[in-house]
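Quick note, the sequences are listed as chains A and B, same order.
Take the first sequence: its position 42, counted from the start at 1, is 42 in the working numbering, and no numbers get skipped.
Take the second sequence: its position 276, counted from the start at 1, is 276 in the working numbering, and no numbers get skipped.
FYI, nobody ran anything at the bench for these hints, they're computed from the structure.
Bear in mind the structure is a predicted one, so any value in this text is a computation, not a measurement.
Just so you know, not all the hints are guaranteed correct.
Simulated restraints on C-beta separations [stated by the list, open to error]:
#1 B:Q200 with A:K135: 47 to 57 Å
#2 B:A49 with A:F145: 49 to 59 Å
#3 B:L356 with A:V159: 28 to 38 Å
#4 A:G134 with B:G198: 41 to 51 Å
#5 B:S13 with A:V9: 21 to 31 Å
#6 A:G93 with B:L317: 51 to 61 Å
#7 B:S360 with A:I150: 41 to 51 Å
#8 B:P62 with A:L51: 50 to 60 Å
#9 B:L317 with A:K135: 31 to 41 Å
#10 B:K78 with A:V159: 44 to 54 Å
#11 B:W357 with A:K164: 30 to 40 Å
#12 A:L152 with B:A70: 49 to 59 Å
#13 A:L15 with B:F203: 55 to 65 Å
Glycine included, each C-beta is placed from N, C-alpha and C at the ideal position.
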Amino acid sequence: MATDILFYVLAALTLIFGALVVANPFSRNPVTSAMFLVLTIISMAGLFVLLHAFFLAAVQVLVYAGAVMVLFLFVIMLLDLKEEERRKIKLTGLVAGVVSVGAIVAIFVRSLLATKPSENLPAPTAVGDTATLGKMLFTNYLLPFEIVSILLLVAMVGVILLSKKDLK
Amino acid sequence: MIESVNNWLNGLSDTQSLVLFTALKAVVCFAIMMTMVAYTVVLERRLCAWIQDRIGPNRVGPFGLLQPAADGIKAFFKEEMTPAHVRKIFFTLAPMIALIPAILNLAVIPFGSNLGGQKMVLADLNVGILYTFGIVSLGVYSIVLAGYASNSKFPFLGGIRSSAQLISYEIAMGMSVIPIFLFVGDLNLNSVIQAQTGTQLGFLPNWFVIQSPMTFLAFCIFLVSSFAETNRTPFDLPEAEQELAGGYNIEYSAIKFAMFFMGEYANMILVSAMMVTLFFGGWTLPWFGLDQPATDLIHGVLHIGIFLGKVFLFLVLFVWIRWMWPRFRYDQLMDLGWRKFIPVALANILVTAIWLWWRSAK
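Chain B with its partners taken away, still in its complex shape (with noise of 0.2 Å):
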């Protein structure tokens, strides 16, 4: 049985094979993705329970491991509200759009080294970190057209809010991660963490946040706008119910009202891969040899493991923060993005480029 399996994979053409393979990872890629969205939720809400001294959802299977599953059922099944006095299309349209930037974005990173043969990564491009942002600034319609197409006067200042939002961190981020890229000179997400194996001092890792100043500042910048980016506390304007009305999302109920925070998750999880990949050494561990490319099944697996459990613990970062920090002001939020983390960006960019420069000429 394996037998014949192992001569039609091998009788395959190299077009065949890729593509046959590429599939698999995506569709592979896509459920882990969409089974941590829905543990995520349940990591956020047994989590911020602790915090706040209380048991939360523990009814729903052993250890409420189950809650995902009665969450979804139910937001399938609620009644759907389509308000009278919304644009049908874009009203439908915009849930999907939260959810897809996220999804396209996994094709980059690198999840693991080798797993037979099979490099860990869907695609190997050389651009990778700009197709990155380019598909995040794609998000961004969702968001605008949810609060365009609910014709209504709360849900339309709440989408310009978050779009403006959006929009502002979107250069702080961008900017924040270029010193990266003059320390490794390549765009390629696979030279970054090539440039993060080894140690330092001996037995530091020689990962990008503690590498060098300049790094890890630019770490500072990308953590804050990430949270920025992926509408989280302290920045979760969109959902101030108590002091804003909410946000884009007012008119929406049920599926569609899930899918928006879907998206969000998803892009947390997303942004955590990426903060993982950038600063923190990727799939790597700088100890027992674990930051070389595996070369049998067992590092292979250990690698994916490893991205994961790094991936895990930002999430935590994630959750932990929402439920310790208020939420900030508007002004102060637009004021942190442009006053402050703009310039601060730039300063860093040159600081680094005159620093490599001047190593570079001694």
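Chain A with its partners taken away, still in its complex shape (with noise of 0.2 Å):
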């Protein structure tokens, strides 16, 4: 009961501020956006709680809220967006938000409408622990775990040829 009470919490919270994100009626700051969007994270790391997600969930604020959007606040910050803070909502950019998110919800609607609950689910074998996470993630999913990693890698090393003033 009191779980289904803090779902229904966090999920309005986590909607709230993702919509302050992008059209928040009081400041077009890019700062307060970005504000928004770490407190969007955080609410959703408490949606990830109430699965018993917990590493998840602690590594959702350590990565994203303390790591990444920490590195967004500081390009916005440095590129200094003075006119993105007078520019007014648009209509046309309005119109095609509202349409694209009523596209997305209308076909969420319709495919949790054409699927039946079936009667005997299977019992969750992932629990959220992380010794659990782990060795699913050394076994079932080695090869995506490695291809990421590498993607992750060219993207560093991508960064530091950029950086680099002059290529010998």
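Quick one: dock chain against chain with the hints and give me the complex.
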């Protein structure tokens, strides 16, 4: 019962903060948007906790809220986006946004209606503790895991290459 | 009277008693933490005076022990200047965010074993350490926002400088503790303490700081990184008034300024508590059977006392180093973090993993 209430509260918070990231009626400041994105990420971590995925919740806060968003803020602050703040919400942008969100919601609703909840669902095999997650990553999902790490390595090498001024 | 309270406590359902005792522990923890913050400031001022052959604040109350009250009242009643050019919401928010992470992190620190059937930890999470690092990483926002909200050049540069420092040393700090968890095989902080009970060579404590060369190296990296994370000397560039015209807090005054420093001291206490838990056996002492969870009230209180005593020793170390060491230059600080600590910490993880694998294969 209490978890149900918590779920609705956190889900509502996630949606409200998420909406404020893209369309904040009070401020067009990019830093404000970034801070609301941090709040969105934190309330999503709360949803992970309700699913007993504690590891995912902690990593979500650690990586996205703690590291990625700080770098976002750095870039926003260093670029000094003054004209972004003065810009009003454009009608075309608003219409396009509402239409695309509506389309996605329609797809979700239709697919949810099309699926019938089966009677005897298999018990969830993966629990959210760290040891199980690590085992899965290094057995069943080893190839995707390694490919993602190579992708990150490539990105890192690319950044170093781009930031070198004179290549010999 | 006591009997009726007892009856009432026994009549509560499990959830009710959990909520009641957790709330009680949280309030007591918070109160103790804030008192410690206040008295760490006194400790710092008295100790630095002693190091510099001065007397220090000794006028307010016996031995100057009421000094925090005087400081607090002064900070609250001082006129609060909010410059006209600042972004008001972020400007007000930043000092608050400085204090929140340290308080939130209190929840996972095991500060004792048992006290009357209650575990002396607020939340016994199975991802304890990840939670800690996640919350610590949010502390950067106070500095970034303070620099941004001040909306003038020097605080902005100071904010960028300090947050780059925090992010850099967070990586070294996070990597330095991984060997500990390879040894323990669990992320829970209580299991870490369990792994440090008993003695080695008959009398030495089995603490991680002296358990093996790898864990000792981990402790060294963690210790230095924690000085950088808490903005303490020799890494206190945010406070470098003389050479860098201060940092993110230039535009702040009165209680908002004081809150940044309360945050610094709260973080110091928290980092000390983490070092005690991870490397110095937490609430245990290896002698006289003090490394087993308490069964009676006296041992429970004793364990909390041991924990606080160890934290106090670390606070003295923090203060002592501040008044003994000069400040690093910024490029030296970045070089130490990225080019020395991160490679060494990575190598340490690798060596520990190979050693554990070899040990288990034997």
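Provide an ascending list of the numbers of those earlier hints which the structure does not satisfy. 1, 4, 7
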